[in-house]
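**Q** Could you build the full structure based on these sequences and the hints that come with them?
Protein sequences appear in the order of chains B, W, R and L.
For the first sequence, the working numbering assigns the number 1 to the initial residue and increments by one for each residue that follows.
For the second sequence, the working numbering assigns the number 1 to the initial residue and increments by one for each residue that follows.
For the third sequence, the working numbering assigns the number 1 to the initial residue and increments by one for each residue that follows.
For the fourth sequence, the working numbering assigns the number 1 to the initial residue and increments by one for each residue that follows.
For the record, the hints were derived by calculation from the structure and aren't laboratory data.
Source: prediction; values computed, not measured.
Some hints here could point you the wrong way.
[To be verified] In the DSSO-like style, the derived pairs of lysine-lysine whose C-alpha atoms are separated by at most 27 Å in a straight line are: (1) Lys232/W to Lys42/B; (2) Lys173/R to Lys232/W; (3) Lys74/B to Lys42/B; (4) Lys180/W to Lys298/W; (5) Lys252/W to Lys99/R; (6) Lys95/R to Lys298/W.
[As the list claims (entries may be wrong)] Facing chain W, according to a computed beta carbon distance under 7 Å, are these residues of chain B, among others: (7) Val43; (8) Gly45; (9) His46; (10) Gln48; (11) Arg326.
[To be verified] Quick partial rundown of chain B residues pointing at chain W, CB under 10 Å, derived from the structure: (12) Ala79; (13) Asp234; (14) Ile235; (15) Thr323; (16) Leu324.
Note that beta-carbon positions come from the ideal geometry of N, C-alpha and C, so glycine has one too.
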Amino acid sequence: MIYDFFYNLTGSALFSGLFVAIMPLLTFILPFALFAVLLERKVAGHIQDRLGPMRVGYHGLLQTVADIIKLIQKEDIIARENDKLLFNIAPVLTFVGSYAAFAVIPFSSIFLGANLDLAIFYIIAVTGLVVVGILMAGWASNNKYSLLGAMRSAAQIVSYEIPTIIVILSIVMITGSMSLMTFSENQTQYFWNWYIFGGPEFNLKKFLLIPFMFVGLIVIYISTLAEVNRTPFDIPEAESELVSGYHTEYSGMKFAIFFLAEYANMFAVSALIATMFFGGYHSPFGYLGNLLNIPWMIPVEQFFWFISKGIFFVFVQMWLRWTLPRLRVDQLMTVSWKYLIPISFVNLLIVGIISLI
Amino acid sequence: MSVRTEEMVLNMGPQHPSTHGVLRLELTLEGEIITKVVPHIGYLHRCFEKHCEVMTYPQIIPYTDRMDYLAAMCNELGFVIGVEKLLAIQVPERVEYIRVIMAELQRIASHLVAIGTYGADIGAFTPFLYCFRDREKILNLFEITCGARLLYNYIWIGGLSHDLHPDFIRLTKEFIREFKPNLRELNNLLTYNKIFIDRTANIGILPLETAINYGVTGPMLRASGLRWDLRKDDSYSIYNKFDFEIPIGEGKMGTIGDSWDRYFVRVREMEESIKIIEQAIEQIPDGDVTAGIPKRIKPVVGHIYSRVENPRGELGYFIISDGSATPFRVKVRAPSFVNLQVLDVLCRGHMVADVIAILGSVDIVLGEVDR
Amino acid sequence: MKSFEEISKLLINQFPSINFEIKSDVKFEPYIIVPPNQIDNVCLFLRDNIDLQFDSLVNLSAVDDFNGEKTKDEQGNDIMKGGTLSLYYHLESIKYRHKILLRVLTDRDNPSVLSVTSVWNSANWHEREAFDLFGINFINHPDLRRILMPYDWEFGHPLRKDYQNPEFYQGMKVPY
Amino acid sequence: MAEYIKNIYSALITILVGMKVTLRHLFIPSVTIQYPDVKIPLPERERNRLYVNMDDCIGCDQCARACPVNCIEIETVKALPGEDLGKTSNGKKKALWVTKFTIDFAKCCYCQLCVFPCPTDCIYMTYVYEFSEYDRNNLIYDFATLTKEEREEKKENYRRFIEQKEKSKSEKE
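**A** As structure tokens, then:
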């Protein structure tokens, strides 16, 4: 959508392609990251009966801006023993891994980077880059703790990729296509058409699907938690054991990029779940735009609903972080291989059978 | 074909976020599994025993606070009971009651720190702040009575420095009323949490014979299944007037004597301490607390070993007096110093992340280990 | 639950060759003086005997009796010659709840005692502390090195009564 | 298989219970205060910085002896027979010039052992707890009220008074 809009506006494929690539970053991820860091600290504070940041700005609203400024003017230390090239590429790679996924996520019917038919396939491939970035960071910092942290998180992300893919497969089976746009289109207006409640058509299949959709949701939510390295799977930055894992040696702007990558990844994953199960940018109760028949109002409403669903899931991730203790590395592997993968396979099998009816 | 893994020595500490103070653990690892743990201590050695040889008896009490700084009241109580035995003086009834209330409040506060930091070590940060929020109320109680929040110098030889504050009793009742639901809430949040149980059950199992042979005491010994508590077995002060039971490890979530048992024994001990405080508040008599304090303390020549149930174990003072106003020698049997020896036996065959879990369940305070 | 007399009688007829000194008139806690080279056999017997079963070493404290004759060294601070260091062993039986106090005397100049770590493991660190702060050498102790003081502290043993603080330790002024 | 199902079930239930607890706390008002703007009122037995009321101090050195860390240093000069030093608030006659009364708050451990033995209750603890300094020596507070010259002068005429006494005694023999 946006690409064609800019293409016939400017006529040059290069410029419009470039602009489409930058658009999500400038308009969405940076403000979201600013907001998410503050939200995390406020949520953590109020869960623990304290206030969270209150000093900078009214009720701490400018806290993240202050953090960013602090990190920018901090010295960017590169140790003598570090592998310079890898050390610098690592943070960029982890950020690219999560940022590239935004290209295909439909924020609303018109606001979409590129309408790929293989959108889901593309997202899974791109988020694989994050593993490479983390391994690079761990290896390049040339210190015992970072190496241990990097190896652990690489093993964790790879082993949690499998249940995610299997659950995505079960959704793809139902909708028949891999493009996120068709996912959202199928789950039209009202919430009972969402996939979590069995999809758009009214028949026996819908009611049979509901329990397995819930199982799928739980499995994919847990495994995406692990992919984003959030509690209870935040072993790479396990402060108490490995003194914050692979990004121990990073400081200044590089550390800020790692931080940004984490929050971008968090939202990408929540957006994915919202699109797959909770009807993407569709509002649960129909559009105000239709009632007052103002046509341009609908995309704005869709944008709002999409953002609120994403932020709700990000909030649940934060809520989990301040409730649960951390799993050990081998327990983490048993959860993935012995519990999540078998369950998701069985789920896939049953959903497959149901979708044949 | 066994994979030849080359041994890797990992130094944890002395300024590591979860070693509860300045303790350096030298771990020899094979891959992720630990083969040997050598604790290096002495970073916080302030030669308490050398100070005692030049200080008069009342001047030593502020020093005893600084040994186990999380249970200062119990340290003072141990020393003061020893000196009172040397002087063979009998303390008025009201002083005994206040000392029991203060020791039990201090036990709850110290266990709250132990449980809070244990949760934080495993990764759950929220229970740590809930525990410290409750502990603040106890510190306020201490503050209105004797003025200080952590190191009190409140229990003197022959009496106390101040009498109870007029509304101390009301505030203590209020604290107990608020604390019971908080304790249940903590259990829901942490104790029965499946991830917490997975991280602590069957980790660092301490069999009873090894525990006794290594001289381990306190919640660690009780978690291994032995009902041994100095308040009942070697009853000092007026603990025989209160009925409370001694919780021991039953291996509910794993085998008897694992880290979960040590944690859960401390949680149940807090409930018992509340029972003691409630009974003590009802039966507290009136009387003057500062009358019995002797002006000049010159005990007769002799030696005495007095011991007290500190939240971490048996705290013993071996005091030798040569008749002068300063003790000839004071040797302290610090519970954390003895309990730390078992760490090597507990950690064998576990992973690095478990060392943190085991160290948290052993609950040591470095001020007491290094003296 | 055995009283002090019964235990000392049992000890005497178990080890006729060793001459124990029974001190029961001492203030507050009677004790038995055991020669340093026999301490581990005595402790092994105390632990393994059926009706004694002293299975836990509660406390092991070293004391500088400072009873030699005082002499002045060149800087004028007094140095002790002769005299004894004594070790007090507090033993307790968890089963029978009875307690006993043993005392071992070694001379101050080169104190050496048999280690009881083989009997109770808790003695390991207690003995290392006694070695570190008093200089008592424990024979066949698993790894006898300093525990509280820095490992390379070569200015003597701090808890002795005639201990002098060094001026500098690795370039740092010691008396702050 | 039952074990497998039980694990999953107990994991989900305990996580949900834990989340219920933290959700409830999200709406409970926070217990913390914004320190520099809001300060907690201190109880009246609070033990913070010491204060010495010098015109009550008779220089008896009880507090210095009672202090476990020897952080109080007092030097006094005997008053000459003729001099009148005035009375303390509770009517005790003062006989010593206190030329030096310093408390080193870097060493003080705030144990309040010095407050109790003071006969005229002139040393007591105040509510001031924010007195940190950049330089450790600024923490040595000097409470003596005599100026530098007066201290020299007191020492001077006391020494002269002693010599006079020696001279008169030696003349008497």
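**Q** Between the alpha carbons of Lys74/B and Lys42/B, is the straight-line distance 27 Å or under?
**A** Measuring from Cα to Cα gives roughly 25 Å; hence the hint holds.
**Q** Would you settle whether the hint for Ala79/B is holds or violated, based on the nearest Cβ-Cβ distance to chain W being less than 10 Å?
**A** Result: violated, 19 Å to nearest chain W Cβ.
**Q** Does the closest beta carbon of chain W sit nearer than 10 Å to the beta carbon of Thr323/B?
**A** 6 Å, holds
**Q** Holds or violated: Lys252/W and Lys99/R, Cα atoms, limit 27 Å.
**A** The hint is violated at about 34 Å.
**Q** Take the C-alpha atoms of Lys173/R and Lys232/W, compute the straight-line distance between them, and say whether it is at most 27 Å.
**A** 49 Å, violated
**Q** Regarding the hint that Gly45/B lies at the interface with chain W, is the smallest CB-CB distance below 7 Å?
**A** 10 Å, violated
**Q** Take the C-alpha atoms of Lys232/W and Lys42/B, compute the straight-line distance between them, and say whether it is at most 27 Å.
**A** 47 Å, violated
**Q** Does the CB of Leu324/B sit less than 10 Å away from some CB of chain W?
**A** Since the shortest Cβ distance to chain W is 6 Å, the answer is holds.
**Q** Let me know if the C-beta of Val43/B comes in closer than 7 Å to any C-beta of chain W, holds or violated.
**A** 11 Å, violated
**Q** Straight-line Cα separation of Lys95/R and Lys298/W no greater than 27 Å?
**A** 37 Å, violated
**Q** Is the interface hint satisfied for Asp234/B? The criterion is a beta-carbon contact with chain W at less than 10 Å.
**A** 8 Å, holds
**Q** Using 7 Å as the Cβ threshold, decide whether Gln48/B counts as touching chain W.
**A** For Gln48/B, the interface hint holds, since the closest Cβ of chain W sits about 4 Å away, which is under 7 Å.
Going through the hint list in order, the structure does not satisfy hints 1, 2, 4, 5, 6, 7, 8, 9, 12.
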